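Novice: In full-length UniProt numbering, the protein residues as written are 1 to 832.
With a cut-off of at most 25 Å between alpha-carbon atoms, the simulated DMTMM-like pairs for lysine to aspartate or glutamate come out as follows: (1) K214 x D191; (2) K605 x E660; (3) K358 x D163; (4) K645 x D659; (5) K632 x D617; (6) K678 x D640; (7) K714 x D819; (8) K226 x E153; (9) K93 x E259; (10) K678 x E653; (11) K358 x D174; (12) K797 x D819; (13) K632 x E796; (14) K358 x D260; (15) K797 x D767.
Derived CB-CB ranges, DEER-like: (16) D22 x K74: 22 to 28 Å; (17) R641 x Q752: 28 to 34 Å; (18) R641 x H390: 53 to 59 Å; (19) L450 x R195: 40 to 46 Å; (20) P175 x L216: 15 to 21 Å; (21) E103 x S338: 42 to 48 Å.
I should point out that these hints are in silico values taken from the structure, not numbers from a laboratory.
Keep in mind it's a predicted model, so treat the numbers as computed, not measured.
Beta carbons are placed, not taken as given, at the ideal position from N, Cα and C, and that holds for glycine.
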Amino acid sequence: MHAIDDLGWPEAYIELLPLITDRWLVKDEIYFHRQLSAGKSGALVYIVDITCDTFSGQAILKFDALPDPEWNEKAENQRHLEAFEAVPAFGSKHLARVVHSLEHEGKIAILSTVVAQGLEYSLPWNDCGYEPALNVLERLSRSLLDDWNIDYEMAPGLHSPQDLLAGWLAYRLDPEPGRLHHFLLDVCGHDPHERCLMFEGHWYPNPLAFAFEKNLPGRLSVRAAKGRVHGDLHGYNVLVRSHQSRDPDYFLIDLAMYEDKQFLFYDHAYFEMAYLLARRGNCIPAQWDAILDDLGLFHSKHHTLGLWQDDVGLVEFVRTLRRGAMSWVERHESHRLSFMESQYLLARVAVGLNFAHKNLNVGARSHAFLYAAHNLKDYMTLNNVEWPRHGPVFRFPATRGAMSDSQSKAETLAPRTEPPPEKDRLFDQMITQLPAPQKPVIAVLPFDCLSGQSDTNGFVAGINHELVTELAKVDWLSVVSPTSTQFLKDASLVGEEIAQRLGAHYLVEGSVRYDDQRVRVTAHLVDTSTGHDLWADRLDHKTEDVFSLQEEIASAVVGHIDWELRFDLREQARLKRGEVNVWDRVQKALWHLFKFTDEDTQKAKDILTRTIDIAPDYALAHAVIANAELRKLFFVQVDDREEAKERALYHAERAVALDEQSSFAHASLARAYTQFNKHDTAIAEAQLAVSLNPSAANAHLVLGYAHLANGQAKLALSHFETATRFGPSGPYFKVKLLAKAFCLYVLDSFGQAESCARTALEGKSVDPFGRYVLAAILIRQKAIGAARRMIRQSQEKRPDMTCSRVRLAFENLQQRDIDRFVEDLREAGLPD
1 MHAIDDLGWP
11 EAYIELLPLI
21 TDRWLVKDEI
31 YFHRQLSAGK
41 SGALVYIVDI
51 TCDTFSGQAI
61 LKFDALPDPE
71 WNEKAENQRH
81 LEAFEAVPAF
91 GSKHLARVVH
101 SLEHEGKIAI
111 LSTVVAQGLE
121 YSLPWNDCGY
131 EPALNVLERL
141 SRSLLDDWNI
151 DYEMAPGLHS
161 PQDLLAGWLA
171 YRLDPEPGRL
181 HHFLLDVCGH
191 DPHERCLMFE
201 GHWYPNPLAF
211 AFEKNLPGRL
221 SVRAAKGRVH
231 GDLHGYNVLV
241 RSHQSRDPDY
251 FLIDLAMYED
261 KQFLFYDHAY
271 FEMAYLLARR
281 GNCIPAQWDA
291 ILDDLGLFHS
301 KHHTLGLWQD
311 DVGLVEFVRT
321 LRRGAMSWVE
331 RHESHRLSFM
341 ESQYLLARVA
351 VGLNFAHKNL
361 NVGARSHAFL
371 YAAHNLKDYM
381 TLNNVEWPRH
391 GPVFRFPATR
401 GAMSDSQSKA
411 ETLAPRTEPP
421 PEKDRLFDQM
431 ITQLPAPQKP
441 VIAVLPFDCL
451 SGQSDTNGFV
461 AGINHELVTE
471 LAKVDWLSVV
481 SPTSTQFLKD
491 ASLVGEEIAQ
501 RLGAHYLVEG
511 SVRYDDQRVR
521 VTAHLVDTST
531 GHDLWADRLD
541 HKTEDVFSLQ
551 EEIASAVVGH
561 IDWELRFDLR
571 EQARLKRGEV
581 NVWDRVQKAL
591 WHLFKFTDED
601 TQKAKDILTR
611 TIDIAPDYAL
621 AHAVIANAEL
631 RKLFFVQVDD
641 REEAKERALY
651 HAERAVALDE
661 QSSFAHASLA
671 RAYTQFNKHD
681 TAIAEAQLAV
691 SLNPSAANAH
701 LVLGYAHLAN
711 GQAKLALSHF
721 ETATRFGPSG
731 PYFKVKLLAK
741 AFCLYVLDSF
751 GQAESCARTA
761 LEGKSVDPFG
771 RYVLAAILIR
781 QKAIGAARRM
791 IRQSQEKRPD
801 MTCSRVRLAF
811 ENLQQRDIDR
821 FVEDLREAGL
831 PD
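Based on the provided sequences and hints, a complete structural model is requested.
Specialist: The structure is reproduced here in structure tokens:
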């Protein structure tokens with residue numbers, strides 16, 4: 001007898017074929033329908049069609065190695081039977097039933113099937129679509145505790161964190177043979193006993209050092225929940241029967257790691273870790289850090305990259321799993337909430353260390369170790385644990401091949417056998433491509449040092465660091481971490497290849513020349529889709545205070561980049577045809593808004609209104625439409641000013657509520673508050689907008705205007721100057737110049753004021769108010785004839801404007817400033 005199908009009988013288990021045929025009384029052939037998975041110990045799992053003495057139909061056939069007799073462990077068939085018999089109601093619905101098993105010379109074959117019909121329509125959870133996968137995940141998360149552990153118990157006594165970690169991890173924590181210790185020390189170059197590590201600029205506790213920490217306070221001991229755990233629960237060990245079912249069933253297979261008196265929450269954590277690695281096991285370090293940051297219990301949004309587009313769904317799956325577990329806690333152990341939260345966090349720490357211990361590629365193992373560190377930091381925050389906050393930087397190994405090149409004797413003697421080559425192949429099939437981000441992604445390549453002096457490398461590295469730091473504050477950009485860019489540049493990749501690997505839309509490249517007297521920095525902003533420079537400039541500075549110089553250069557470069565990218569994105573949106581997303585819609589609205597015509601302002605409002613109908617929770621759309629309302633208020637183009645103010649305030653407040661980290665939203669709200677003469681509140685909002693994006697010219701402009709409205713012209717002037725420095729081109733530049741000119745007028749600096757006003761008038765964006773400001777300045781300089789010519793020209797464009805309407809436009813300024821301005825305009829000939 002022989003097995004037929006393209007899969008064929010696995011060569012590693014060929015000697016079992018005649019034994020199975022004889023002992024199971026197999027008739028005809030065994031048809032291999034498809035392979036489900038390849039286990040970490042060399043296990044192979046198939047769906048087969050078989051006819052034997054006790055069964056005929058489709059079944060699950062698994063091949064594996066038996067446990068080493070010295071380990072004194074039960075074989076999988078024994079564990080499976082115990083699991084099935086422990087909770088028959090759950091087992092009959094969700095566990096495969098063992099039909100036959102056979103052991104021979106250290107190997108085992110197990111034939112099992114689900115009790116209900118439908119195995120032929122079943123597929124692994126990892127292969128399901130979004131809706132059925134989410135549906136099953138919700139049910140699985142609840143059922144693992146509510147049903148399978150209906151008779152759970154609280155373990156007697158109190159257990160320290162080390163007790164829980166040792167219970168879950170056992171031999172994996174042993175320093176000898178020490179596969180985990182070896183990975184951290186020899187592959188990652190990190191001392192396993194170092195208590196703290198730094199990653200992406202933030203501190204994390206070393207979970208391996210924590211597992212051996214002996215001086216923890218006794219208050220950290222907890223009452224722990226115990227029950228049944230699958231032990232190897234991942235998306236290929238959950239079969240989903242979805243055929244013609246709106247509420248699909250699931251079945252747990254491969255119970256080789258099953259335990260009946262283990263600390264709970266391990267299965268939830270294991271499934272989460274396996275899912276994250278399956279989907280993002282090969283992502284860049286910065287993206288992984290952003291995902292873990294977003295999932296953190298104390299999510300501070302410190303990571304500037306933010307979630308990328310596909311990561312939002314991934315995070316939602318993880319949160320669904322966590323909600324199911326915490327719902328069980330609320331219903332059964334609400335009076336032990338802190339204990340249960342600690343136990344769940346420690347389960348995630350244990351799982352992270354477990355996966356870091358496995359024979360996966362070094363990138364996945366590094367990701368798993370950082371997952372453990374992130375969750376341990378949450379545990380420490382929850383429990384107010386004192387821990388060192390400084391340590392060496394954790395660095396990702398350079399290549400996947402690094403592990404195979406550095407195999408040690410400890411690795412070879414690890415408690416589990418090496419997985420077959422197909423394990424790596426199947427794992428790689430699970431890895432998805434790098435997703436497209438929600439925000440434009442920018443990467444700063446390390447600047448070249450052209451001075452040829454080794455002592456200047458630190459200065460150049462400082463400029464790179466300051467550039468990334470300043471760009472990270474631009475809230476509408478995703479900035480790739482310097483760890484990732486250096487990682488790829490060290491691999492001798494060129495700019496285009498680095499951009500492709502990082503998913504970056506834009507690159508910043510440059511060079512530095514440095515001597516004792518001066519430094520010259522050349523910077524380029526490159527559009528990676530075309531390879532063309534969007535902006536390039538050369539900055540020359542005297543070498544004085546090195547640190548101030550680095551910050552000044554970085555601020556200047558980032559200010560230019562912030563403006564140039566905004567302009568480029570609006571232009572792209574304007575030219576885009578076919579399907580557009582909400583981002584494109586808002587950028588197109590901004591393009592119209594910055595045309596400064598009545599028709600374009602109305603078009604912008606129409607686009608934004610439709611966008612909000614489509615995406616009512618999109619913060620940027622609310623912020624921009626608030627600005628459109630404020631624009632019409634300033635230009636005195638609304639019939640009901642109070643109603644327009646309320647609309648602007650509503651949209652601005654909505655924008656901030658939807659995205660508290662948006663500088664543009666806070667700046668919009670500050671502008672709205674000035675309309676209600678809430679000057680202190682407006683200043684506070686504008687200051688927050690600047691702090692969220694210090695390179696945003698708009699934020700500085702709004703803060704300057706808020707100070708001006710509050711009668712603080714000198715404070716306002718510095719922010720107007722910063723705004724013009726950060727955005728020295730484009731149509732809005734004239735608005736900034738005009739604001740500066742009016743501020744200088746209030747401060748009686750009429751010569752500078754005139755110069756700014758005349759430059760502002762070169763663009764149509766400031767009409768008619770540019771001519772009003774210049775006319776008032778000329779009146780103060782006794783140039784009455786020139787002032788009256790300005791008013792006549794303005795009346796040709798806006799014959800409806802009068803002194804009373806100008807008062808409305810500037811109604812939020814100090815009364816003395818309005819009175820002087822209007823009186824000067826009246827003298828220049830503007831009618832009352």
